[in-house]
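J.: With the hints as extra help, turn the sequences into a complete structure.
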Amino acid sequence: MSLMKEFTKGFWELLPPFRLVLGLCPTLAVTTSAENGLGMGLATAFVLACSNMLISALRKIIPSKVRIAAFIVVVATFVVVVELTMQAYFYALYVKLGIFIPLIVVNCIPLGRAEAFASSNGVLASGADGLGIGLGFAISLFSLGTIREIFGAGTFWGVHVMWSGYEPMAFLLKAPGAFVCLGLMLAAINLISARQAKRKLEAARLAAAQA
Amino acid sequence: MSSPLLTVSTSPHRLGRTTIRSMHLEFMLALAPALLTGFYYFGLPGLSVVLLATASALLTEIVTVRVTSLPNRVADLHAVLLGLLLGLILPAGVPWWIPVVGGVLTIVLGKMVFGGLGNYPMNPVLVAWVALSLSWPEHMNAYFAPVPLGSGGEFAVTETPLMALKNDIGSLEIYELWDLWVGNAPGAVGATGSLALIAGGLYLIIRRLIPWQIPVGALLGCVLMSLVAAYTDSRLLEMGMEGLAANLKVAWFHLATGGLMITAFFLAPEPVSSPVTPWGALLFGLGVGGMTVIVRTWGAWVDGAFYAVLLLNTLTPILDRIRPKVIGKVIGGAV
Amino acid sequence: MKEIAKLVVVLALICGISGFVLAYVKDLTAEPIEYAKIKNVKEPAVRSVLSGYDNDPIKDRISFPVGNDKYGRPVSLVVFPAKKAGKTFAVAFESSGVGYKGPIGVMVGVDVDSNKLTGISVISHSETPGLGARILEPGFTEPFRGQDLSKDLTKDNIQALSGATLSTNGVVAAVNNARTMLAQHRDKMVN
Amino acid sequence: MSIATWFKGVRLPRGAAFGPPTPLPPPQRIYLPLRQHRGAVCQAKVEPGQQVGMGQVLGSSDEFDSAAVLSPVSGTVEAIRNCADPAGQPVPTIVIANDGQDIWASPEGEVRPPLSDPAEVAKARPTRLLRRIREAGLVRAASQGLPLHVDLSPPMAPRSYLFMTGIPVVRPTDTLVIRALDHDPPVCPNQAALAGLNLTELDLGVTALKRISGAARVILALPAGAVSGELTALARLREWEIRTQSQTHFPYCLDNLLVLGITGREVPTPYGEPRDVGVVVEPLVTALEVGRVLISAKPNLERVFAVAGDVAKPQAFVARLGTPIAEAIKAAGGAVGEAGKIIVGGPMMGFAHFDAQTPITKETEGVFVQAAEHVRRYDDHPCIHCGRCVACCPVNLVPAELSKLCEFQRFEEAAEADLFHCIECGVCAYVCPARRPMVHYFRHGKSEVLARRMEQ
Amino acid sequence: MGFGDYMLFIVGAVLVNNILLAQFLGNCPFLGVSKRMDTATGMSMAVVFVITLAGACTWLVQYYILIPFNIEYLQTIFFILVIASLVQLVEIIMQKTVPGLYRALGIYLPLITTNCAVLGVAIINIQKEFDFVQMLVFSFASAVGYGLALCLFAGIRERFALARIPKVFEGTALGLVTAGFMSLAFSGFAGLVGH
Ligand SMILES: Cc1cc2nc3c(=O)[nH]c(=O)nc-3n(C[C@H](O)[C@H](O)[C@H](O)COP(=O)(O)O)c2cc1C
Ligand SMILES: Cc1cc2nc3c(=O)[nH]c(=O)nc-3n(C[C@H](O)[C@H](O)[C@H](O)COP(=O)(O)O)c2cc1C
Ligand SMILES: Cc1cc2nc3c(=O)[nH]c(=O)nc-3n(C[C@H](O)[C@H](O)[C@H](O)COP(=O)(O)O)c2cc1C
Ligand SMILES: Cc1cc2nc3c(=O)[nH]c(=O)nc-3n(C[C@H](O)[C@H](O)[C@H](O)CO)c2cc1C
Ligand code: SF4
Ligand code: SF4
Ligand code: SF4
Ligand code: SF4
Ligand code: FES
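Chains as they are written, first to last, in our numbering: chain X, 1 to 211; chain G, 212 to 546; chain A, 547 to 737; chain S, 738 to 1193; chain R, 1194 to 1388.
Just so you know, the hints here were simulated from the structure itself, not pulled from any lab data. Certain hints may be false.
EDC-like cross-link-like pairs, simulated, lysine to aspartate or glutamate; straight-line CA separation at most 20 angstroms [unchecked claim]:
{"#": "1", "chain 1": "G", "residue 1": "540", "chain 2": "S", "residue 2": "1161"}
{"#": "2", "chain 1": "R", "residue 1": "1228", "chain 2": "S", "residue 2": "1150"}
{"#": "3", "chain 1": "G", "residue 1": "536", "chain 2": "S", "residue 2": "1161"}
{"#": "4", "chain 1": "R", "residue 1": "1321", "chain 2": "A", "residue 2": "615"}
{"#": "5", "chain 1": "A", "residue 1": "701", "chain 2": "G", "residue 2": "379"}
{"#": "6", "chain 1": "G", "residue 1": "540", "chain 2": "S", "residue 2": "1153"}
{"#": "7", "chain 1": "A", "residue 1": "734", "chain 2": "A", "residue 2": "657"}
{"#": "8", "chain 1": "G", "residue 1": "536", "chain 2": "S", "residue 2": "1003"}
{"#": "9", "chain 1": "X", "residue 1": "65", "chain 2": "A", "residue 2": "549"}
Over 12 angstroms on every C-beta distance to chain X, these chain R residues come out as not near it, computed from the model [what the hints assert, rightly or not]:
{"#": "10", "residue": "1196"}
{"#": "11", "residue": "1199"}
{"#": "12", "residue": "1234"}
{"#": "13", "residue": "1235"}
{"#": "14", "residue": "1260"}
{"#": "15", "residue": "1261"}
{"#": "16", "residue": "1263"}
{"#": "17", "residue": "1267"}
Built from N, CA and C at the ideal position, the CB exists for glycine as well.
T.: What follows is the structure in structure tokens.
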């Protein structure tokens, strides 16, 4: 049960990059299409889940003085594994994601989770946490990529989806569009959260009134 | 013993006549000559672009204040002014939906996201213009050749003087400078009539609705940087144009063409995003003028005026730190 | 002291293991990576610039050293020959020129008998989408087909992109580089 | 005035020019706050029910910075209660029912022998003149005025400003400015006094002030176009300089800015005064009162003031101190239109009152009546950064930023951005198209900062 | 490269291809420490210092360790370790030798370890095959560009603190939109430097 909870918290409560305002660079840079977004997200999720588990397994052995260095080595190892694997089997995607694959190392999410969660929790829980947050990240990137691709290129996963005369709003695919889109999406999420909070508050008030 | 219904509030008890709404009405008045010039040369297509942009901006504002909790300040006519300005800097040959989308972007993205008038960091009209340009560059270059009203000619997309200059410095000689000043040249609907824009701008300066430092700085910056550009341009020498007179001709050309005049008098002095301090405003103006010519001469874009404003907008908070000495403040005295 | 020794040992161990793992993974993926590069980048390009062959240009590729890079490591040129009845009548290989934002890699196909281009295909570039990136479009690459390579190509021979002169120049330069390369190594390419 | 100031401040509408002040009959009931100036409150020296005569001391204090309150009429003390003074602060106030007899408390009301020879005054000991002024209960005729004897006495010790790093100010006074200008038109008592100018009183008053202050140089600051031949002749005789200036270029008739314009000396703010740069500025009304007190040897029981705005006949009056402003408004033909605001002082810097019974005091320069239709409402619109306030602020502040800092309760930062140098002239609010309550923000900010510093 | 070329190179790195606004590197600290001008300037200085130093160290590692031993595929892991230890080292040395500077920059140093900009610039240095001097100039100029964007951004955000911003946009959301606008503005520099 609690494993499930560790897993699902990444999808809303701790949804990166919106809730944890971390990992913004890849979010902004690679989400020019749904495919890129998903690829980047999954790569990160893989690194996150693996490094979380390994770090959790090693947590008793690693002296706390060198733990950050050790974490970095572990994360970086998995990043290189992903780098090589993608190059071998997903070459086209690898080329598109470019420098942002190696940058997963400094993407604050894996290190942040290592420090905040894996270093003090069991292997399974850490795996669930890493996978959940990683998948949450992948979903976020996928959504952002979808929006930008549909309006900015008129396609989804490379397939035309807008009406025939539609001329895409290329602005969305460029750097300014990335920032603006992410900002608007964050605002939308804020709005939903505010509504949720309000509803919860009202429900509580109603319950109190009834009692 | 006390008399009823007396109002008590802080001084001053008498206020000037200028309100935000009246200011905006006067801006529109000041824009009227440019709009008429645009109508004269670009006819119904030009007029409809302006009207569409204005209507779209106004409608967007109305809808936005309806569906959000933002205060309803439609009556201050800000949206109308923004839409008008946007329409005036669009080419007459754009498809109908460009001014419509532009109006929406201006209001929603440029203004409302920040909470409305007073809060946005950059000129909303120009934010929208650049977003449109990055998105649909071909449409945003659909400039018509002028066809004076009643002459019965056909509108056709053509090269603007600045595009011509970018490709070939010899274009300096093609255009009659007088045509450039009255607006008889290809360009955006309301940006070609330099004289009309100057007239409106002078009105605004005299009415003290814009600080004189910004337009003066912009024109000065443009002239100075044009001289630098001309001085370093070997192509001029190859054409046999040499000396100060030739360089001044380049400066004169830069002043009269493209978006410089509407920028100097209407877009750069946009209050919210420009500095409030006198020296800050002057530097801002100089920066806008100089940057315009830099982009035109060495940059990738054909015209630099609008980008220049956005760039200088990012500097506004820093320019605002340049202040005059406070009268009565003793040097060395603490607060 | 013991403490520090422990720190060092643990870190060294982790690093060492990591090194071993990565070396192993590197080994495992070396083949697939090489294959992926050719498969994904070169093959489609080769197929689009060559036609009328009855062999498999990818399988029959030849590579020969054409010099050293600045660290002294050898650089090879990979040539994809198009053969009919065992005779090479055209070759495709990669060449590059400098565009608006860095190098543009172009797969150039040349008919070795007539010295005419059988087609070009841009395989790597970092030009601006919507501007320079239009060098990818058939409208731009088609006019190259059939151009005579016995002298340097110029912009006027083809359909230059308006607003992207630099990108255009980059592609033209790549084709001209290919001409030089072909002249130098013709014997190694055609046999 | 320098070119730099030409573009600053605002041009206010010119009100109707005033003739000489009309005498106002003493009212039935008189209200006398026990503090009518900046400084200490007086203790009441009478009790309810007690009979008082004209000139009788109703309240006094041992503190130096206070001026005695003398009865301007004869009658009965009705009550002593807290009423709002012109600044809206509650102050113990003596209410006297006027018996209409105007009986002096002491025989003929004389306290000291008259001093009516300018030559004598010019040589009199300053302390002697000061004592007369103090006994007459004179207060500098300006909002927030000091007791005149305080205003004229050199500071006892180098001034230590609350907010300044103790720059000692011991500059001897060398210039006396007689200000016949009114800073807040159309409330123009000095202009009215100038219209009915009594040259003898002026001569004597200025001579006395010059003697007391020790100034070598006297400058008459007059409204442009109001220089009469007689006045010029007197000025030439006495070697006074005359300077003229527009009254409607607000706020350049305020003391500090006037001193800057005339002498080029910058009065340090906050809380600095012209005398810190060697200048004493006195309103014309005060100079005349000094002259009258010396000639008549009686205390000052009257005040010249203006009633302007939405009244039938805007004009200046001379009335007993303590007269409720309602009486003055009635005498000016009554308010026109629906009741809006009653403002003690002018429209730019005066205080709006909720009570028309507020009395004329020694600080009152006049009353501005505003009909409801002319009352302007402030708005809570965000600042639109138009910069009009910056262009106009006479002391070169950036009011836009200050107002935002105060609005968002960042008071300490506002103080660092020179909030305390704001003279609250209201120019920024006047020109603000967003109708922001600028002066309200500034006062609030100042009071918050002061409160916090007091706590520390 | 002559002097003029270097100038263009610098303008390119600072303005045209601004690592932050055009290349999306170092966004987390960009949004994290830009609420006030003074922290932004502190961070900017720290970034300039670390990026330049890290650029040099990683360059040396690349050409004197990775390439000679043919282990370029370990670039990522080597670089991040070099950067992390470098930051630690700088912190310790600074604390001992220039405590004043340490107090000013110290709190920003750990943040920088997890900053894409540092590793990103190090990798770009190698990808673009810069020589040592070019690398130094590029790293420094990129960092200055980062600092410039950060300070301008902080100026704008300070103004937001004095404005009634809609609730849902408060904080990061509006920061992102504004960063987008800045990126829009910086696109005006496009083409100033040809390649
Ligand atoms: C609010 C609005 C937004 C629009 N946005 C776009 C757009 O982004 N791209 C586009 O090509 N057309 C846009 N259109 C225009 C219509 O889709 C247009 O009819 C369509 O492009 C068909 O063009 P055609 O007339 O060339 O067939 C928009 C229209 C509206 C009303
Ligand atoms: C954002 C941006 C992207 C650009 N991308 C390209 C490009 O990809 N290819 C190119 O040749 N020029 C590019 N340019 C440069 C300009 O288009 C430049 O004006 C052009 O190369 C000059 O060529 P023209 O004579 O064909 O207009 C770009 C400019 C900007 C501002
Ligand atoms: C590079 C960088 C890394 C950060 N890492 C974390 C982190 O791991 N965990 C965290 O809670 N905040 C982290 N922060 C700070 C957050 O972005 C945020 O500013 C902080 O949590 C304060 O949030 P608040 O403004 O909502 O209080 C980091 C900031 C930066 C610049
Ligand atoms: C001369 C002038 C030009 C203006 N230009 C713009 C503009 O380019 N963009 C804009 O958003 N608003 C513009 N405005 C309107 C401006 O946003 C609005 O007037 C102020 O925000 C409040 O008055 C302009 C106003 C003036 C005075
Ligand atoms: S704030 Fe003060 S002056 Fe205003 S109504 Fe309240 S008590 Fe009266
Ligand atoms: S800030 Fe103060 S001094 Fe300046 S105009 Fe406003 S009220 Fe007057
Ligand atoms: S006049 Fe008002 S709106 Fe304009 S800058 Fe000043 S405070 Fe802001
Ligand atoms: S709210 Fe501020 S301005 Fe108003 S009375 Fe109180 S302190 Fe003064
Ligand atoms: S992801 Fe780039 S700084 Fe955090």
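J.: Checking against the hints above, which ones are violated?
T.: 17
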